[in-house]
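Student: Please work from the sequences and hints to get the whole structure.
Number of protein chains: 2
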Amino acid sequence: MNFNVELKTRIAHIDEVLNSFLPPAAGYQQIVQEAMRYSVLGGGKRIRPILIHETYLLCGGRDCSITEPFMAAMELIHTYSLIHDDLPAMDDDEYRRGRKTTHVVYGEAVGILAGDALLNYAFEIILQQIIESEDSKKMARAAAILARKSGVFGMIGGQTADVVNTGLPLDTRKLDFIYSLKTGALIEASMMIGAVLADSDDQTISLMEETASEIGRAFQIRDDILDLTGTMEEIGKPVLSDEKNKKTTFVTLNGLNESESEVRSLSSSAIDKLNSMDRKNDFLIELIRYLTIRNK
Amino acid sequence: MNFNVELKTRIAHIDEVLNSFLPPAAGYQQIVQEAMRYSVLGGGKRIRPILIHETYLLCGGRDCSITEPFMAAMELIHTYSLIHDDLPAMDDDEYRRGRKTTHVVYGEAVGILAGDALLNYAFEIILQQIIESEDSKKMARAAAILARKSGVFGMIGGQTADVVNTGLPLDTRKLDFIYSLKTGALIEASMMIGAVLADSDDQTISLMEETASEIGRAFQIRDDILDLTGTMEEIGKPVLSDEKNKKTTFVTLNGLNESESEVRSLSSSAIDKLNSMDRKNDFLIELIRYLTIRNK
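Chains as they are written, first to last, in the numbering used here: chain L, 71 to 366; chain W, 71 to 366.
Derived by calculation from the structure, the hints in this document are not laboratory data. Some hints could be false.
[What the hints assert, rightly or not] Distance condition first, Cα-Cα at most 20 Å in a straight line; then the derived SDA-like pairs of lysine to any residue:
hint	chain 1	residue 1	chain 2	residue 2
1	L	244	W	101
2	L	317	L	334
3	W	170	W	111
4	W	208	L	204
5	L	244	W	198
6	L	207	W	203
7	W	208	L	201
8	L	316	L	165
9	W	207	L	205
10	L	207	W	202
11	W	350	W	100
12	W	208	L	363
13	W	244	W	234
14	W	317	W	160
15	W	207	L	316
16	L	208	W	207
17	L	244	W	328
18	L	208	W	198
19	W	244	L	97
20	W	350	W	73
21	L	316	L	204
22	W	207	L	168
23	L	343	L	360
24	L	78	L	130
25	W	343	W	298
26	L	208	L	127
27	L	207	W	206
28	W	317	W	298
29	L	208	W	100
30	W	208	W	132
31	W	208	L	195
32	L	208	W	201
33	L	78	L	363
34	W	317	W	328
35	W	207	L	198
36	W	207	L	204
37	W	207	L	360
What you are looking at is a predicted structure, and each value in this text was computed from that prediction instead of being measured.
Tutor: See the structure below:
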């Protein structure tokens, strides 16, 4: 297996899926649809949709078409959260993935509305799937996981704790809460949704949640490391932004060496869990290695 | 029937429903939950939930408990749209319903997040209902109407056209688009959802959509009239804000007299449609009169 080729193929497929689900830009509200397309189709590693798809395969799923609305909805929700995070009242970021952020290109009002529109549209996509599916309950269970993990007990909850603590000293417990909800929740939802769609039992769904939790934490700590050691060219946004924003991170609390070691330990543990499953998915294991040792 | 007493009873019931569905304020994300409760439980006419409930009764619905999650979700979505509309980058309003707006009390970042959280939570509530219901498909059909009418082809689309045209001259066609989507869409969704939950046929659902469209338009024109003729004490927010924001409205295009006459005509037409139904709902008809001749 050539991992990079396989990854590119998957990203290209997801880009096509996203393009097909997004509304065309037309009518008096055209600018918000343009902003939606600009932000969603502007690159990105598509980690969460890939995790949905690969976990679905790992858990024995066969009809890959049922994962597509969830892959699209997940990426739309992830993207809306980035648009709103980048707003002047939040992180005030001018660049994302090497391009101007949405509010910089379209203005702040349209930035806010494009974020709202993407969150809303994610549920439009999913509800259509629930209506059309022969197994509406299963689709609704997967959708409820997405909603819960995106909301005030998931991503938004983590983002809130992050925002209100910016510039303040953070202890390990509060930092863990932020990492677990802000970054972890959508990764957990992705793997859980893959398992639910493949008709997994509750034990397997929980195992996928735990695995994803470790991946999410490793991914976030790697992000903190890159903010300190990477270049803008490599990571597509300004480096040292944590220092600029006086952010407490795992790295500022524990140092680079312990951070690297924590990432390795989390990554191994997640891979061990995946190896305990009946089926194998080599690409998924390579993906975890890639996510946790990546340099961008 | 004493309309005002009946209205108060219904509002009190909806306030209880909202209070019971909203998450408690606790944990590291407490502030966003407080902001959600502050904005949702701060009064309001609860028009949209009432329309869901009364249309459900008009269409022969009996088990009122199934309307509650939809009443809550609808009001949460309406409230999130107000929070985001009031932000500095949008209308920059300091008062709403006679109280400070959410971003003024909790800061802009938490205002944005509380809006996101309410939109997200609306779908958490609805998806739970879809999972638990014996008729998941029906619930999903009602939910899909809510999602569609809230999104880029509904409320958000109208809000976008409104925002990007602020300060610019508007023709009648564009103004109609904005009224129909920004104000009309959620009113239409409310009456359609009531009809869907009561197992109405497609023809009845369409009739409710048309009726609601007239009510929404009459309601918006009445709002424009009040902005010109009301006092801050009466309407709970600063008057003459349209003039301040150089907004084109039905009133600025057509004058006060024609506006009053248009409201009367729309109101009569909506009432005629309701009177064409097999069942009667006197409260609903009184409500339409109240909404279109209100002075606050």
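Student: Run every hint past the structure and note whether it holds.
Tutor: To see whether the hints hold, each was checked on the structure:
1. 244(L) - 101(W): Given pair residue 244(L), residue 101(W) holds - Cα atoms ~15 Å apart, limit 20 Å.
2. 317(L) - 334(L): Violated - the C-alpha atoms of residue 334(L) and residue 317(L) are around 23 Å apart, more than 20 Å.
3. 170(W) - 111(W): holds (13 Å)
4. 208(W) - 204(L): Given pair residue 208(W), residue 204(L) holds - Cα atoms ~14 Å apart, limit 20 Å.
5. 244(L) - 198(W): Violated, at about 29 Å.
6. 207(L) - 203(W): holds (9 Å)
7. 208(W) - 201(L): Holds: residue 208(W) and residue 201(L) sit about 8 Å apart, inside 20 Å.
8. 316(L) - 165(L): Roughly 19 Å between the alpha carbons, so the hint for residue 316(L) and residue 165(L) holds.
9. 207(W) - 205(L): holds (10 Å)
10. 207(L) - 202(W): holds (9 Å)
11. 350(W) - 100(W): Violated - the C-alpha atoms of residue 100(W) and residue 350(W) are around 45 Å apart, more than 20 Å.
12. 208(W) - 363(L): violated (47 Å)
13. 244(W) - 234(W): holds (12 Å)
14. 317(W) - 160(W): holds (13 Å)
15. 207(W) - 316(L): violated (49 Å)
16. 208(L) - 207(W): holds (12 Å)
17. 244(L) - 328(W): Violated: residue 244(L) and residue 328(W) sit about 59 Å apart, past 20 Å.
18. 208(L) - 198(W): Between residue 208(L) and residue 198(W) the Cα gap is close to 12 Å, so the pair holds against 20 Å.
19. 244(W) - 97(L): The given pair, whose Cα atoms are some 10 Å apart, holds under the 20 Å limit.
20. 350(W) - 73(W): holds (15 Å)
21. 316(L) - 204(L): Not OK: residue 316(L) and residue 204(L) at ~51 Å, beyond 20 Å, violated.
22. 207(W) - 168(L): violated (43 Å)
23. 343(L) - 360(L): Status holds; Cα separation ~17 Å.
24. 78(L) - 130(L): Violated - the C-alpha atoms of residue 130(L) and residue 78(L) are around 23 Å apart, more than 20 Å.
25. 343(W) - 298(W): violated (30 Å)
26. 208(L) - 127(L): Satisfied, since the Cα-Cα distance of roughly 17 Å is no more than 20 Å.
27. 207(L) - 206(W): Since the Cα atoms of residue 207(L) and residue 206(W) sit roughly 7 Å apart, the hinted pair holds (cutoff 20 Å).
28. 317(W) - 298(W): Since the Cα atoms of residue 317(W) and residue 298(W) sit roughly 12 Å apart, the hinted pair holds (cutoff 20 Å).
29. 208(L) - 100(W): violated (32 Å)
30. 208(W) - 132(W): The given pair, whose Cα atoms are some 15 Å apart, holds under the 20 Å limit.
31. 208(W) - 195(L): It holds: about 17 Å lies between the C-alpha atoms, which stays within 20 Å.
32. 208(L) - 201(W): holds (8 Å)
33. 78(L) - 363(L): holds (18 Å)
34. 317(W) - 328(W): At roughly 18 Å apart (the allowed maximum being 20 Å), residue 328(W) and residue 317(W) satisfy the hint.
35. 207(W) - 198(L): Holds. Residue 207(W) to residue 198(L) sits at ~10 Å (cutoff 20 Å).
36. 207(W) - 204(L): holds (10 Å)
37. 207(W) - 360(L): Outside the cut-off at roughly 41 Å; violated.
Checked against the numbered hints listed earlier, the structure breaks hints 2, 5, 11, 12, 15, 17, 21, 22, 24, 25, 29 and 37; every other hint is satisfied.
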